[in-house]
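> Please work from the sequences and hints to get the whole structure.
Number of protein chains: 6
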Amino acid sequence: MPENEGVRTDGRTPGQLRPVHIERGWSKHAEGSVLISFGDTKVFCTASVTEGVPRWRKGSGEGWVTAEYSMLPRSTNTRGDREAVRGKIGGRTHEISRLIGRSLRAVIDFKALGENTVVLDCDVLQADGGTRTAAITGAYVALADAISWAQSKKLVKHGRKPLTGTVSAVSVGIVGGVPLLDLCYEEDVTAETDMNVVCTGDGRFVEVQGTAEGEPFAREELNSLLDLAVTGCAELDAAQRAALATAL
Amino acid sequence: MPENEGVRTDGRTPGQLRPVHIERGWSKHAEGSVLISFGDTKVFCTASVTEGVPRWRKGSGEGWVTAEYSMLPRSTNTRGDREAVRGKIGGRTHEISRLIGRSLRAVIDFKALGENTVVLDCDVLQADGGTRTAAITGAYVALADAISWAQSKKLVKHGRKPLTGTVSAVSVGIVGGVPLLDLCYEEDVTAETDMNVVCTGDGRFVEVQGTAEGEPFAREELNSLLDLAVTGCAELDAAQRAALATAL
Amino acid sequence: MPENEGVRTDGRTPGQLRPVHIERGWSKHAEGSVLISFGDTKVFCTASVTEGVPRWRKGSGEGWVTAEYSMLPRSTNTRGDREAVRGKIGGRTHEISRLIGRSLRAVIDFKALGENTVVLDCDVLQADGGTRTAAITGAYVALADAISWAQSKKLVKHGRKPLTGTVSAVSVGIVGGVPLLDLCYEEDVTAETDMNVVCTGDGRFVEVQGTAEGEPFAREELNSLLDLAVTGCAELDAAQRAALATAL
Amino acid sequence: MPENEGVRTDGRTPGQLRPVHIERGWSKHAEGSVLISFGDTKVFCTASVTEGVPRWRKGSGEGWVTAEYSMLPRSTNTRGDREAVRGKIGGRTHEISRLIGRSLRAVIDFKALGENTVVLDCDVLQADGGTRTAAITGAYVALADAISWAQSKKLVKHGRKPLTGTVSAVSVGIVGGVPLLDLCYEEDVTAETDMNVVCTGDGRFVEVQGTAEGEPFAREELNSLLDLAVTGCAELDAAQRAALATAL
Amino acid sequence: MPENEGVRTDGRTPGQLRPVHIERGWSKHAEGSVLISFGDTKVFCTASVTEGVPRWRKGSGEGWVTAEYSMLPRSTNTRGDREAVRGKIGGRTHEISRLIGRSLRAVIDFKALGENTVVLDCDVLQADGGTRTAAITGAYVALADAISWAQSKKLVKHGRKPLTGTVSAVSVGIVGGVPLLDLCYEEDVTAETDMNVVCTGDGRFVEVQGTAEGEPFAREELNSLLDLAVTGCAELDAAQRAALATAL
Amino acid sequence: MPENEGVRTDGRTPGQLRPVHIERGWSKHAEGSVLISFGDTKVFCTASVTEGVPRWRKGSGEGWVTAEYSMLPRSTNTRGDREAVRGKIGGRTHEISRLIGRSLRAVIDFKALGENTVVLDCDVLQADGGTRTAAITGAYVALADAISWAQSKKLVKHGRKPLTGTVSAVSVGIVGGVPLLDLCYEEDVTAETDMNVVCTGDGRFVEVQGTAEGEPFAREELNSLLDLAVTGCAELDAAQRAALATAL
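Chains as they are written, first to last, in full-length UniProt numbering: chain A, 1 to 248; chain B, 1 to 248; chain C, 1 to 248; chain D, 1 to 248; chain E, 1 to 248; chain F, 1 to 248.
Just so you know, these hints were derived from the structure itself, not from any lab.
Beta carbons: idealized from backbone N, C-alpha and C, even for Gly.
Be a bit skeptical, because a hint or two may be false.
As the list claims (entries may be wrong) - Only some residues are given here: those of chain A computed to face chain F with a beta carbon under 7 Å:
no.	residue
1	LYS88
2	PHE205
3	GLN209
4	GLY210
5	PRO216
6	ALA218
As the list claims (entries may be wrong) - Now the stretches of chain E that chain F is said to cover, found in silico as 3 or more residues with beta-carbon under 8 Å:
no.	segment
7	74-82
8	212-218
If you want it as structure tokens, here you go:
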């Protein structure tokens, strides 16, 4: 692709994110809730706070944060079976739920949280690539609101700051030899290499998961993907801060 | 409640529906999709069309319509476990999925549909009473759009009309001795009698499910509940028609 | 059907029940047990009393009553798979178990029962239509015997009456345009409308579940079905009383 | 136990069976059906014939016979959970189902049966020890009736005899040092050694399953138990023949 | 087979065991561990000791011993599905796990063991007939080592001897009319009668499980199989003692 | 750790692998089989070849390679429940099985393999950190043997080379601020950052999965971990080649 190298099907440049929208307060029940969209990917994230922690953590004085991810059956182009109907959760769902939970725990001070549990539910309403990265980015905002709620309700002790930083995530990949930021579904299925990167607001890494879908990838390719991801996460971090700056 | 008998917590009169909103085209993937709200109850309904029918119906020349209902874990005031995580579907979910499927099949001519299947997915994003009736009412609109799509794609033979009528549903109940239309959650939990009624547009019944939650109910009470439900369904029928009258 | 309108395949008139037999004391182990038959439908009902209640009810001072319904694999004309072998309970089984439980709870004073639990097991040995209504009618008798047992064992406090009334159930339906009482299987599969009605002994309603299997049904049809059901339940109530009048 | 050695709680002598009753034709649907009782143990056995065989046997020209055993939840003194509700079949149930199937296959000529399948369902209505041996003994009679039915319907070719013999089963055990035939529950739980023996009508063995519940058992003990079992099975064989000698 | 009657495919005489190898200490984690082989059958047995007992045994002062058996998917000639992937344990696995547990409990004094639990895991790495008998024979050795460990750690009170004897197991069967000891897979599949016998070191029986795979078997055949099994178990007992005689 | 920075609990230098052993031909049944150890971590890998492919791939002319990973219950310091007994596979197991499958598919030419399936089973016999990387490294050798077998049996067409390269894997992590190669369990649980890297023999990447267990990690840390991993994989590649160079 000599001339218009990097011009993407939706007109973006290689290093450009899709439009990001973050709507807080989408649920009247949840302590934190966000509808986030990365282009046509829409994920509904709720944060549920309960007093107490799982049995294995009782008496530790420390809290817990966990996550569950799921796709609505028709969030995709072809309807998928419900996991509840199949009676078991698939490997991909497990993997992504675990990734989201780990990513958010990276910015939590469990001592400061005290023996409270926050469950993040990330349900994909519409999928167009990048559902796990949108889920992490949105779940962070829901989590921040839930923690503010817990502070206001005195579930968290005065002066304690359970959130130690911010976290966001983005996908990157190599398509037709070109490193691209924030792949849409069409790009994702043709990518030679696909990577999901989770960063804190200070540009350090929480997770780096790169997979060669076709050819193995070289160290330089990995480097250029990481460069893209770091800039993408910085933009998402700004979007999160902007969303949280307004009153609920 | 002598003086303001029938004045409800949200200010409605006994025979008044909550505000109803029907947004079509909420999914870019599904052949029909609707976000319906009855007050604070919000249900996302998608209709997925596939060629072919389940094995037991093959070669019959007839189509099939079925439904699956589910609540997101934090659609309720307290977070509920995911059925996929528990590994089985609860009795209530089964019951409501079956009710939605039967209700919509009541207005389908399977011969006219031909060997095509429509699956209605009704996922409750936020619950405040009446989720099953909102699901039926919204799913009808998604089904109507899906059938138009199937006609435009020639999956349904020219001139055939798979939809034989319209269908909507509403809850009624007796609270503090007063028959009320369209119960919100707060009313639902205190109702002595609770009834869900599914009507066709011509005012006939598809389903009548009445349950005494406390005292058994008398024939006259049943009659006044049915009267309320019939007027409520007529209003919902009008709302469905209005929604479908606009271009997608 | 002009001339012999209402003459049914088994010779009954439209408003006639099938022969009802109630045998108490069919199990040497259960606190209450009944083999009930509505014609060729035979259901074995046991009532099991245990001290204590489920966790969510502990300390409330109130008891609990619940039910489980199941069909033996060859209770039907064609053998069905065992739900234990399939590893999950089907929607219909769930729905009927819940219906039986709700119906019996309608005549229980939980405070008077105290923190005791009664489980009703209704296993269909032979099915010929109306299994859920026979189950409710038989389970009531087993429940009454179980409560007498609990009183005799002082599990229920002296002077307390946990049973607040009687309950029975019958199916009604419209077949060939004619409202019929207590449908056998052959009638059930051809019914345009099918309704199960649960009444207390004083003729009030505990559950009304009507379903249009083909055409939607009109208000007058609903009314004539309810009339039939009320007379049927009154006869069943008499049969229950007669059965309970004899010594065990 | 010096003086009245061998006088049992229910007055039987060590080598005496409990009263055996075999009622044929207990189901109007099944091709063969039997309600068998060994004292207070009651098992309902149905034999279901279907044309065709499981996939792995197709085209072999040979039939198949299999069995499923289950206990109703309140067949025992204390109510047990339903395996369908727990979502899995326990080891004991599996083991007994397999034993019943093997025992009946021992008297089947699969070539003569042709590509037909017989499923034996053995549901314990009331348990008082020896449920598996009563199940085998009753299932044989149901199987014999089902095969007669299949012959009458020409599912089995003219002149073919799928049944090659008869089969019955009995439990034996050592209680208080004394070998006993046909243990009731009370004896079973105190037995030092417990054995289930399945014999053909000519006195040969199909299955011998002996278990030391307490002390290991010596060769002479094993021998005296086998002696008892062989005489018990001969009596059961006679009871089966008597039951089958009458017209259905 | 007139002349070389009893000469087996692998050259053994009818009463000859395959080579038996018992390697102790195969795991650095387990309190007892053994890799046992009977010819090409290899089973890895670990014994895990934990303080405490299952809930139903708490406060009894008695310990518990249980076992789980499993085959690796490619331990057999054709790969089998993993039971974890199918989501349920098959009947054969259940049956064998229960047999191993019962066999080992036969030589345990639960009072002497105190409230400790030993779980025996028997995983078949390579199968060539006799996996359950190799598992029992190996598990005994792992159990003995685990109990020595528990004694050394003072989990078992000073002077107490939880092991009351030794136990081993072997298969026997009739192939081509000839009783054979320790069947390999090729012999097992063609055996007319198949028996698994579990003996204590003093030659008494813990379990005798004989099954006619084809023709029913006569009393004399049973006797000659038991004779073979008793001599086989005596040899296995010697092998176990030899293995345990060396330092770990 | 000023002076002996990098001296590890087992005496290794930071960039040193544990001793690696690869034994081929460990199963007489499987088409390829390997017992691999990385220090005390032992994984048994079998490769099973079957003709044909899963349904979704039929007629494509392309083969398939997949993997299943599991830990024996007592492969770890404390016994874990069997996933077959729990009735479902955990998230970690799913995740690792998928990783192994993807890693091996990276060096397969599916066209050259033709419509054949290879299943890699990786069962951990003893765990001491790095089980997934040992599994990938061993599975590659089993896969290579299985493909040689398929070529020798003409399942793969003459001249076709299904293997396009070699693949191995190693873990790296930061412990006490020092980047280490091939973490044992003790190091793994204290690592601040943990990364698994899968490389081809030419030093390119198939998978990079880095996780911050405590603090987020910086770009330079990531770089030094990747450096270590590349050298480790090169050594493992040499060990694989050496193992495959000998006759089976």
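> Against each hint, give a clear statement of whether it holds in the structure.
Going down the list of hints, with the structure as the test:
Evaluation of the LYS88 of chain A hint against chain F yields a held restraint, the C-beta minimum of about 6 Å falling below 7 Å. Because the beta carbon of PHE205 of chain A sits about 5 Å from the nearest beta carbon in chain F, less than 7 Å, this interface hint is met. Taken as an interface hint, GLN209 of chain A checks out: its beta carbon lies about 5 Å from the nearest beta carbon of chain F, inside 7 Å. For GLY210 of chain A, the interface hint holds, since its Cβ comes within 7 Å of a Cβ in chain F; the closest pair sits about 4 Å apart.
Interface restraint check for PRO216 of chain A: the shortest CB-CB distance to chain F comes to about 4 Å, inside 7 Å, so the restraint holds. Hint status for ALA218 of chain A: holds, given a least beta-carbon distance of 5 Å to chain F, under 7 Å. For the segment 74-82 of chain E, the stated coverage by chain F holds: 6 residues have a C-beta nearer than 8 Å to a C-beta of that chain, and at least 3 were required. As drawn, the segment 212-218 of chain E meets chain F at 0 residues by the rule of a beta-carbon pair under 8 Å; below three, the given contact is violated.
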